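All chains should be modelled from the sequences, with the hints used to inform the complete structure.
Number of protein chains: 2
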Amino acid sequence: MSDELKRGLESVLVAESELSYVDGTAGKLVYRGYDIEDLARGASYEEVLYLLWHGSLPAPPELAAFSDDLAAVRGVDEDVLATVRTLADGGERPMAALRTATSMLSAYGSGEDEVLEQGSRVTAKMPTVLAAFERARQGEEPVDPDPNLSHAGNFLYMLTGTEPDPVSEETFDMALTLHADHGLNASTFTALVIGSTMADAYSSVAGGIGALSGGLHGGANQTVMELLYTIDDSDKGPVEWVKDARDEGRRIPGFGHRVYEVKDPRARMLEEKLRDLAESSGDGKWLEYTTAIESHLDDEGLIAEGIAPNVDFYSGSVYDSMGIPMDLFTPIFAMSRVGGWVAHVSEYRDDNRLIRPRARYTGPTDAEFVPVDER
Amino acid sequence: MSDELKRGLESVLVAESELSYVDGTAGKLVYRGYDIEDLARGASYEEVLYLLWHGSLPAPPELAAFSDDLAAVRGVDEDVLATVRTLADGGERPMAALRTATSMLSAYGSGEDEVLEQGSRVTAKMPTVLAAFERARQGEEPVDPDPNLSHAGNFLYMLTGTEPDPVSEETFDMALTLHADHGLNASTFTALVIGSTMADAYSSVAGGIGALSGGLHGGANQTVMELLYTIDDSDKGPVEWVKDARDEGRRIPGFGHRVYEVKDPRARMLEEKLRDLAESSGDGKWLEYTTAIESHLDDEGLIAEGIAPNVDFYSGSVYDSMGIPMDLFTPIFAMSRVGGWVAHVSEYRDDNRLIRPRARYTGPTDAEFVPVDER
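Chains as they are written, first to last, in the working numbering: chain D, 1 to 375; chain Y, 376 to 750.
Mixed in with the good hints, there may be bad ones.
In silico lysine-lysine, DSBU-like type, Cα no more than 30 angstroms apart, as pairs [said to hold, decoys possible]:
hint, chain 1, residue 1, chain 2, residue 2
1, Y, Lys381, D, Lys6
2, D, Lys6, Y, Lys660
3, Y, Lys381, D, Lys28
These are calculated hints, taken from the structure and not from any lab test.
Quantities reported herein were computed from a predicted structural model and do not represent experimental measurements.
This is the structure:
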């Protein structure tokens with residue numbers, strides 16, 4: 001046994017995977033060899049799920065069957081909706097509500113025991129649960145899923161009760177694709193560790209949601225958005241605000257990533273979409289703020305040092321421009337990343353090995369026990 | 376970056392810890408330096424929780440305050456009990472129900488944000504949730520927790536509606552102590568990975584329950600018990616049954632452990648307790664079966680090869696002798712191990728680092744994208 005401590009498991013290779021590859025130096029991300037830009041522009045989220053789960057891009061009949069199967073199981077049992085309503089009424093945070101409701105879905109399976117079968121059910125139902133939660137918070141009844149809409153379009157429909165316009169649906173679909181997988185990040189790794197015990201996919205997904213809810217993982221796009229609103233409420237411009245914050249030693253959220261040394265390709269694509277949304281709505285404020293901050297930090301040399309904009313820097317303003325409440329950003333991230341969680345667990349099962357590292361014990365080994373009444 | 380693949384992270388040191396140490400060669404387990412045998416015999420589960428969470432064994436006034444605080448928050452919101460009832464009525468498996476209900480508890484916190492505060496609430500409430508689930512399955516109303524009983528005694532009381540006899544309470548308390556911590560096993564590591572993102576303790580515990588539900592982790596004591604019942608229903612004696620099964624190439628559950636090369640010290644203690652229970656009840660069947668199987672496998676040379684009885688080999692028959700249903704064995708394991716999950720996450724937070732390993736990418740890097748209508 002090597003006695004070197006691998007803090008954070010940085011650079012430790014725990015598995016082989018054909019699912020996604022990040023070239024942090026070139027700013028390139030591929031899913032099974034396909035460049036993320038091609039997929040984001042040319043493939044739907046359903047195609048990406050098929051690619052991740054089944055190994056190749058689907059031909060039209062395969063895609064139709066796959067999408068139909070997914071759409072057919074979007075509905076959620078009334079008992080789950082009742083718990084979702086209770087959680088919304090009790091003021092539960094959306095990620096925690098999603099974790100609980102997703103965990104509860106396992107009671108309403110159809111006895112499937114394969115990771116992909118369970119995983120496709122949970123992927124199909126997460127948007128339903130999340131939209132019902134948001135509507136319950138607004139005092140509204142849930143909207144039944146519409147099997148004729150795409151995964152992205154149906155979520156926006158269930159959220160608002162209105163079919164989305166094509167630009168919103170396309171943008172949201174692209175955001176789902178961009179977030180679907182990203183190597184062994186903390187939530188995917190959580191799903192994998194859980195899956196390695198042969199636990200069911202509901203356990204893996206509930207664990208993944210838990211990990212993603214942490215401030216060091218999925219919460220960053222919300223933090224960026226809060227920053228933009230804080231700047232907007234202040235009497236400073238975005239550059240002045242960021243300059244002052246950095247002088248006070250504060251870190252600017254949405255910049256820097258353990259893997260990327262250059263601008264995250266997902267950030268590039270979402271910046272484009274933010275531009276489209278700004279043009280179609282005529283409201284360019286967030287675009288102006290984000291590009292000004294990025295350009296300022298570039299001038300300051302941060303980007304040259306590898307502290308470049310990551311996906312979270314742009315995704316928040318894209319969702320906000322679509323009218324989505326801030327505290328749903330991370331749940332939407334989960335609703336997309338579930339595709340990657342399921343894919344990784346399924347792939348790992350082909351050559352499964354229980355994941356069980358060690359801790360270096362630094363405590364005493366022979367403490368003398370004294371019974372409580374003599375202490 | 377080393378390019379060596381660390382399958383299962385075997386022997387990889389991911390953190391330093393003062394919590395527990397397993398000497399697999401000597402068959403020794405310590406919590407913060409105290410031998411597990413001393414703790415199991417001389418300390419209550421509450422003392423062990425205090426030790427794991429606060430670093431030392433409590434003096435009497437500290438123990439009294441700690442136990443009172445824990446007992447004071449055993450109650451569970453009626454909404455959670457309603458969901459538990461729904462899950463029981465729907466036939467949900469106990470570990471899945473526990474995962475969902477524990478996740479749901481986060482909606483009813485009191486705004487605590489420290490790991491130990493959240494962790495002590497969830498530790499206090501898990502027995503309440505589990506007992507309510509079991510009673511609901513039996514068509515019975517839940518029994519309110521009794522703050523005057525110990526953690527172990529109160530669980531047995533809530534399960535049956537009757538205060539347990541001293542032997543049962545002591546045995547159950549010992550079982551909780553024996554299962555409270557065991558280094559970075561898969562469920563504890565899951566809790567740690569989730570906690571490393573700064574997610575709340577409910578997320579870590581729900582993830583831990585998910586991992587523990589897997590057949591390669593927490594389910595083994597139930598599997599052993601099923602084996603004993605299978606043998607009992609067959610027309611073979613235990614040794615003959617095991618001999619035939621091994622001739623057919625089947626593995627006998629409850630033997631062998633990734634860490635122990637000799638008999639697990641927890642198995643030794645539980646074997647003693649099984650002996651006590653057999654003597655007090657006059658029913659020595661499981662004791663006879665387990666000792667006969669162990670002795671046969673010893674004769675066959677397995678124990679000399681390091682395939683020795685582990686904790687699961689004896690815990691099942693202990694619980695069964697106490698009248699506890701088989702499918703509650705793993706949830707009871709969770710109800711104990713939560714102490715270790717919380718302790719590890721809390722300790723890790725003192726010098727937190729996001730846990731994010733890598734996968735070795737083995738797929739293509741430049742697949743050519745073809746739009747769906749041209750496929």
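So, going through the hints one by one against the coordinates:
Between lysine 381 of chain Y and lysine 6 of chain D the alpha-carbon distance is near 12 angstroms, which keeps this suggested pair within the 30 angstroms criterion. At most 30 angstroms may separate the alpha-carbon atoms for a hinted pair to count; lysine 6 of chain D and lysine 660 of chain Y exceed this at roughly 48 angstroms. For a cut-off of 30 angstroms, the pair hint linking lysine 381 of chain Y to lysine 28 of chain D stands: about 25 angstroms separates their Cα positions.
Hint 2 from the earlier list is the only one contradicted by this structure; the remaining hints agree with it.
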